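A.B. asks: We have chain A already, so just place chains B and C on it with the hints.
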Amino acid sequence: MPEMEAVKPLLAQFEDERANLIPILQEIQATFSYLPEEALRRVARKLHVPVTDVYQVATFYRCFSLKPRGRHLVQVCLGTACHVRGGDLVLERTQTETGAGLSGTSPDLEFTVEPVRCLGCCGLAPVMRVDRDTFAHLDQAKVRGIVNRYRPRKKPATVDTIAASAEKVRS
Amino acid sequence: MISTAQRLVNLEDLHHAMRQGRDLLYPSQPKIMVGTATCGLAAGAEEVLHAVREEVANSQLPYQVTETGCIGWCSQEPLLDICIPGRPRVTYGRMKPGRAREIVRAIPEVKREWALAMMPGDENTLNGAHVNYCVPHNGHMDGLTAYKDLPLFKRQLRIVLRNCGIINPDSLEEYIARGGYHALWHALRKHTPEEILNEVKRSGLRGRGGAGFPTGMKWQAVRDAQGEPKYVICNADEGDPGAYMDRGVLEGDPHSVLEGMTIGGYAMGAHQGVIYVREEYPLAVMRMKQAIRQAEDAGLLGQSIFDSGFSFEIRVVKGAGAFVCGEETALIRSIEGKVGEPQQRPPYPAQHGLWGKPTCINNVESWANIAVIVQRGGDWFSQIGTAKSKGTKVFSLVGNIENTALIEVPMGTTLAEIVYEIGGGIPNARACKAVQTGGPSGGCIPADKFDLPVDYDSLNQAGSIMGSGGMIVMDDHTCMVDIARYFLEFLEDESCGKCFTCRVGTQRLKEIVTRISQGEGEEEDLDLLQDLGWLVREGSLCGLGQTAPNPVLSTLRYFRGEYMAHIRDRRCPAHRCRELITFEIDPVLCNGCGACVQICSGKAILGEKKKPHIITQAQCTKCGACLEMCKFDAVLVH
Amino acid sequence: MVHITMNGLAVEAERGSSLLEVARFYNFPIPTLCHEDGLNSYGACRLCLVEIGEAPKSKLVAACGYRVEEGMKVRTNSLRVQRARRLLLELYVATCPQSKRIQDLASEYGVRQCRYPVDGQPGAPWDPKTNCIQCGLCVRICAEQMMAGAIGFAGRGKSRHVARPFGMASEQCRQCGACLYACPVCELRCQASTAESLLCNGCLNFSPVCFQSYSDAMCFLEPCHACELSGPFRHEIGIKAHAPHDAGQKAAPSTGELK
Numbered sequence: 027m028p029e030m031e032a033v034k035p036l037l038a039q040f041e042d043e044r045a046n047l048i049p050i051l052q053e054i055q056a057t058f059s060y061l062p063e064e065a066l067r068r069v070a071r072k073l074h075v076p077v078t079d080v081y082q083v084a085t086f087y088r089c090f091s092l093k094p095r096g097r098h099l100v101q102v103c104l105g106t107a108c109h110v111r112g113g114d115l116v117l118e119r120t121q122t123e124t125g126a127g128l129s130g131t132s133p134d135l136e137f138t139v140e141p142v143r144c145l146g147c148c149g150l151a152p153v154m155r156v157d158r159d160t161f162a163h164l165d166q167a168k169v170r171g172i173v174n175r176y177r178p179r180k181k182p183a184t185v186d187t188i189a190a191s192a193e194k195v196r197s
Numbered sequence: 003m004i005s006t007a008q009r010l011v012n013l014e015d016l017h018h019a020m021r022q023g024r025d026l027l028y029p030s031q032p033k034i035m036v037g038t039a040t041c042g043l044a045a046g047a048e049e050v051l052h053a054v055r056e057e058v059a060n061s062q063l064p065y066q067v068t069e070t071g072c073i074g075w076c077s078q079e080p081l082l083d084i085c086i087p088g089r090p091r092v093t094y095g096r097m098k099p100g101r102a103r104e105i106v107r108a109i110p111e112v113k114r115e116w117a118l119a120m121m122p123g124d125e126n127t128l129n130g131a132h133v134n135y136c137v138p139h140n141g142h143m144d145g146l147t148a149y150k151d152l153p154l155f156k157r158q159l160r161i162v163l164r165n166c167g168i169i170n171p172d173s174l175e176e177y178i179a180r181g182g183y184h185a186l187w188h189a190l191r192k193h194t195p196e197e198i199l200n201e202v203k204r205s206g207l208r209g210r211g212g213a214g215f216p217t218g219m220k221w222q223a224v225r226d227a228q229g230e231p232k233y234v235i236c237n238a239d240e241g242d243p244g245a246y247m248d249r250g251v252l253e254g255d256p257h258s259v260l261e262g263m264t265i266g267g268y269a270m271g272a273h274q275g276v277i278y279v280r281e282e283y284p285l286a287v288m289r290m291k292q293a294i295r296q297a298e299d300a301g302l303l304g305q306s307i308f309d310s311g312f313s314f315e316i317r318v319v320k321g322a323g324a325f326v327c328g329e330e331t332a333l334i335r336s337i338e339g340k341v342g343e344p345q346q347r348p349p350y351p352a353q354h355g356l357w358g359k360p361t362c363i364n365n366v367e368s369w370a371n372i373a374v375i376v377q378r379g380g381d382w383f384s385q386i387g388t389a390k391s392k393g394t395k396v397f398s399l400v401g402n403i404e405n406t407a408l409i410e411v412p413m414g415t416t417l418a419e420i421v422y423e424i425g426g427g428i429p430n431a432r433a434c435k436a437v438q439t440g441g442p443s444g445g446c447i448p449a450d451k452f453d454l455p456v457d458y459d460s461l462n463q464a465g466s467i468m469g470s471g472g473m474i475v476m477d478d479h480t481c482m483v484d485i486a487r488y489f490l491e492f493l494e495d496e497s498c499g500k501c502f503t504c505r506v507g508t509q510r511l512k513e514i515v516t517r518i519s520q521g522e523g524e525e526e527d528l529d530l531l532q533d534l535g536w537l538v539r540e541g542s543l544c545g546l547g548q549t550a551p552n553p554v555l556s557t558l559r560y561f562r563g564e565y566m567a568h569i570r571d572r573r574c575p576a577h578r579c580r581e582l583i584t585f586e587i588d589p590v591l592c593n594g595c596g597a598c599v600q601i602c603s604g605k606a607i608l609g610e611k612k613k614p615h616i617i618t619q620a621q622c623t624k625c626g627a628c629l630e631m632c633k634f635d636a637v638l639v640h
Numbered sequence: 009m010v011h012i013t014m015n016g017l018a019v020e021a022e023r024g025s026s027l028l029e030v031a032r033f034y035n036f037p038i039p040t041l042c043h044e045d046g047l048n049s050y051g052a053c054r055l056c057l058v059e060i061g062e063a064p065k066s067k068l069v070a071a072c073g074y075r076v077e078e079g080m081k082v083r084t085n086s087l088r089v090q091r092a093r094r095l096l097l098e099l100y101v102a103t104c105p106q107s108k109r110i111q112d113l114a115s116e117y118g119v120r121q122c123r124y125p126v127d128g129q130p131g132a133p134w135d136p137k138t139n140c141i142q143c144g145l146c147v148r149i150c151a152e153q154m155m156a157g158a159i160g161f162a163g164r165g166k167s168r169h170v171a172r173p174f175g176m177a178s179e180q181c182r183q184c185g186a187c188l189y190a191c192p193v194c195e196l197r198c199q200a201s202t203a204e205s206l207l208c209n210g211c212l213n214f215s216p217v218c219f220q221s222y223s224d225a226m227c228f229l230e231p232c233h234a235c236e237l238s239g240p241f242r243h244e245i246g247i248k249a250h251a252p253h254d255a256g257q258k259a260a261p262s263t264g265e266l267k
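Which chain is which? The protein sequence lines are A, B and C, in order. The opening residue of the first sequence carries number 27 in this note's numbering; numbering runs sequentially from there. The opening residue of the second sequence carries number 3 in this note's numbering; numbering runs sequentially from there. The opening residue of the third sequence carries number 9 in this note's numbering; numbering runs sequentially from there.
Okay, chain A solo, but in the shape it has when bound (with noise of 0.2 Å):
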């Protein structure tokens, strides 16, 4: 579980105003890699709303997971432009390679694979991207080069660990 501690000073940076839902959310995202439980009903205590009120928000945005999310998220674009220069294959591929299938993350919690709509580099499509690397022109037999650069060498990932790489990420 994730140093709680951490939320207070975030949460003390905004006003107690429902626009700020959505930046506080993405701050603690950003922070923590997702959303915990107990980080939410702060926040609906500090807003002073219904907890499913920030329970709908957190479940509507994509860019929101209540889920821990791997140590690499990894962007596949099925963009049109990148659909119809196999993007469908190539994120079927990247699934199997990272061992993340259908759930989205690989069970040794290395890697998040998610579909994103649309990236903007349509001129280089197939296109995906891993935390902030961008790979373009892409097909099947080069995603797993590209998912070997991001394997670990040797300690296993956890939350914790993941949250503390977030942090390095941010800094």
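Rather than coming from a laboratory, the hints here were simulated on the basis of the structure. All values reported here derive from a predicted model rather than from experimental measurement. Where is the CB? At the ideal position from N, CA and C, for every residue including glycine. Treat each hint with caution, since some may be false.
Just some of the chain B residues that point at chain C, by a computed CB distance under 10 Å [what the hints assert, rightly or not]:
(1) Gly-342
(2) Pro-349
(3) Ser-497
C.D. replies: The following block gives chains B and C in isolation, referenced to the frame of chain A:
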């Protein structure tokens, strides 16, 4: 960079900044530009930039290295440009770090074998100015084709994209040097709000987000509406897959949007602006926030801009990953911290928008047109385009096309001109099947209708819409049933889910089309698609639902034969639908190299080295990787 | 007061009233599923669609949420409205065939076919994952009348559903049962729809099915319309009887009738 001390208050200050900008744009030493918009970065521009910087630093050359936005030549990214004083600007494409170093070392010589084109000068649609890079009578044209003579650029008229790929988007001075913020100065100091509003009305500008509502009318409605404070919103939630026009502007020319919004606020009596950017565009978010800081430091945003008494603030709000938030009422709810559920209209945002106050929402491209309209006049703008669709439109030309590019052409340009001249036709000598416009709200126009002029009304009549500008070219390897299924899959996920017709209708439409694509459709299914499509269009609350049937209905209208092939013959003419194709290896052409075995996802290929291989049909997943891999064309698809 | 024309009749309405309110006042019937007096109108079910304006610029809008405007022309039963209702109810039957309320509406508005595969197993008990029509009545009654807000919507698009936050019983829930009361489809089981026909076959037995399922007086409702036509009450309204298996065939889907 302009420091905090240097506020721009009057015309002299602007001229001073202009001179600083010109020194940056046209320095006395060679300048190297690297295109670092998102597509450039995706293609490897970061490494190229790094290599160039290293080369310049190591050799202690006094060259300037700068970044620039997207000039629109996406298929050639990463792009590198060399600007030498007195010589044309030379563009190199498909750059790699090693080549980049060689090019830098070769300066002032031109590496003609890698060069794409040259620019002897630049046009400025904002103020009509033309700058010549070449010293007169120099004759240094370097034997390369000029941009304006290339099919890709010949027909383009760059108003919205006027600065993209020309200036460094991080530089306020360069923006000003190209005429930026002069329109704002004139608006605030020389014109009344009504005069500005009339200019926009005279221009005939229609909303570039897709609906094409007359912008001047919308502004008038907001101006007339009761309620304070009023808001101005920039819809940068560009969600149509395949469309990235707005991204090009936000990353390549952020100040053009700020200036447009400030002028709009003045005309409508609003003092607060919000830019809603989708969170999938982190670079655009960063550029906009930076541009706002620069503008604030320079006094171009904030209290009493240019000492006019008019104050205006802009802030950036990030989206959270929902296509439906491109719909204006859903966008407003998202800013208010709610789920993006569209609302019944009336009341319209012009009367009852953000926090219940009068709000004007316009698309990025609409805002980017405003400074030019104010500077050159609405009448000038209305000379461009067709009778009912004025000005230009930016399109992202992608898919099966030779020149994937971001282009801007006058309204009325035909599809044939765009696909065959500007786009360079279809690669691999394939035939063009159709062009898809308008994203998930649009439709497919078949190749035999390409003499259609591109404007709002013609596209509507043809069963599609202009949309935000995504234009996806499809060759004969694309299955239209598959395309319909693809868009419905998108829509059933992105629908907010509130109204029954849209939520259940998109799922049921997809269910039917999927069955057809799997060879299990019946002829009655086509009637059912028409009925259900009619219901979803008539009965849904918002634009997403109302246009959701367009992809399936337009493909059914123009490609009924293809649907019938799937139904009657259980055949996919484009060899795309997996349940209806089989992969086989030609024993004559196969030389047993085994490359396909490695990549086969179903471990279905067997064979000995140097002997023809065989695919075990029961295990073949139809992923097509073997077809991609095989260098001997030995994989056949039936 | 605002002056509008409804079904050709010149009527007056208070400013701010909805087309549904006006129609009800003047006794023009408009079917609804997600509307409930006492709760804010929601606009989710789309069943209250009416036609406003005049050709070629007329359009269908949800009457519950559309406010009257001076000079508006409204038709609550035009051909376009009828077609929309039939197509909608066809979809509703496929989504929730066990619902008596929906089967009643389908019979009443002339739904003669259901061309969609049914959600879940035909004849199976009501399942929140597949059969919920998301009218939102449970959520809204909990929030607006019970002031609890213990349940809400979650997800989006095809994954949208009614949920308890984090799947757990909420502290706000007082077990008042208002959500069960408000649900228009889950309480009222129409036992008669079978695999051959999603449309209510009428009572397959001679006594109303409802009396068999609920031994107490929960079923205080009128027999469903199909029962009226073919069930035990038919002699009361003077319609010729059909044998039970005929009743099944009569209600079987036929194609090409609806336009």
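A.B. asks: Evaluate each hint against the coordinates.
C.D. replies: Consistency of the hints with the structure:
no.: 1; hint: Gly-342; in the structure: holds, 8 Å
no.: 2; hint: Pro-349; in the structure: holds, 8 Å
no.: 3; hint: Ser-497; in the structure: holds, 4 Å
When held up to the earlier numbered hints, the structure conflicts with none and fits them all.
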